[in-house]
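*Asks:* Sequence:
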Amino acid sequence: MTGSAKLTCIVLIACFQLPQAVSAQESKTDTNQEATKPLGDMTPEERRVVIDAMSDEERAALKAKNKAAMDKRRAEWQAMTPAERQAKRKELQERREAMTPEEREAMSQRREAAKQRQKDKQSKRPPDAQQDPPL
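Per the numbering used here, the sequence shown starts with residue 2, numbered consecutively.
FYI, nobody ran anything at the bench for these hints, they're computed from the structure.
Some clues are possibly wrong.
Once the Cα atoms are required to be at most 30 Å apart in a straight line, the calculated DSSO-like pairs of lysine-lysine come out as [what the hints assert, rightly or not]:
#1 K68 x K116
#2 K89 x K66
#3 K38 x K68
#4 K125 x K64
#5 K64 x K38
#6 K89 x K64
#7 K68 x K125
#8 K68 x K120
#9 K125 x K89
#10 K89 x K68
#11 K66 x K38
#12 K73 x K89
#13 K66 x K116
#14 K73 x K120
Listed next, with one range per pair, are the computed distances between beta-carbon atoms [said to hold, decoys possible]:
#15 R60 x A84: 39 to 45 Å
#16 Q87 x E46: 34 to 40 Å
#17 Q119 x L93: 17 to 23 Å
#18 T101 x M71: 25 to 31 Å
Predicted model only: the values in this text are computed from it and were never measured.
Note that beta-carbon positions come from the ideal geometry of N, C-alpha and C, so glycine has one too.
Based on the sequences and whatever the hints tell you, model everything.
*Replies:* Right, dumping it as structure tokens:
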């Protein structure tokens with residue numbers, strides 16, 4: 002399996018099996034229902050507002066939880082046999098085909114936004130950190 006195929010598989014898994022998003026912690030002064038809604042159920046704009054309102058510690062905890070969930074999914078995927086992976090891919094493909102066109106479009110937009118965020122993140126790194134380390 003090529004590197005891009007592996008990356009595609011990881012992206013598909015991440016898109017379809019995202020863990021329940023971390024619920025935004027209630028603000029002590031804000032009783033707004035938006036603040037108690039899981040981040041995954043919010044629009045990108047709502048999510049950005051909630052995340053921007055979080056303290057540095059809360060953001061760090063959210064980032065650590067998301068990283069741990071991604072590491073767990075990666076480990077589970079790597080522990081699968083090729084036959085299990087193929088069955089999982091088929092299941093994901095069937096789930097994707099069962100989506101409405103609107104759901105597919107929303108998923109595509111989320112994927113493109115994630116790609117753009119990754120590009121933006123890479124462009125903000127210092128020039129020496131952008132290069133891959135020598136093998």
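*Asks:* Please go over all the hints and tell whether each is borne out by the structure.
*Replies:* Tested hints:
1. K68 x K116: This hinted pair holds, its Cα atoms lying about 17 Å apart.
2. K89 x K66: Holds, at about 24 Å.
3. K38 x K68: holds, 21 Å
4. K125 x K64: Cα-Cα ~18 Å, so holds.
5. K64 x K38: Distance ~18 Å between K64 and K38 Cα, so the pair holds.
6. K89 x K64: Measuring from Cα to Cα gives roughly 27 Å; hence the hint holds.
7. K68 x K125: Holds, because 20 Å separates the two Cα atoms, which is no more than 30 Å.
8. K68 x K120: Judged against 30 Å, a Cα distance of about 19 Å means the pair holds.
9. K125 x K89: violated, 36 Å
10. K89 x K68: holds, 22 Å
11. K66 x K38: Answer holds: K66 to K38 is near 17 Å, not above 30 Å.
12. K73 x K89: holds, 16 Å
13. K66 x K116: holds, 21 Å
14. K73 x K120: Distance of about 24 Å is within 30 Å: holds.
15. R60 x A84: 39 to 45 Å: Since R60 and A84 have Cβ atoms about 40 Å apart, the given range 39 to 45 Å holds.
16. Q87 x E46: 34 to 40 Å: Given a distance of about 38 Å, which is inside 34 to 40 Å, the answer is holds.
17. Q119 x L93: 17 to 23 Å: Distance hint for Q119, L93 holds at roughly 21 Å.
18. T101 x M71: 25 to 31 Å: holds, 27 Å
Of the numbered hints listed earlier, the single one contradicted by the structure is hint 9.
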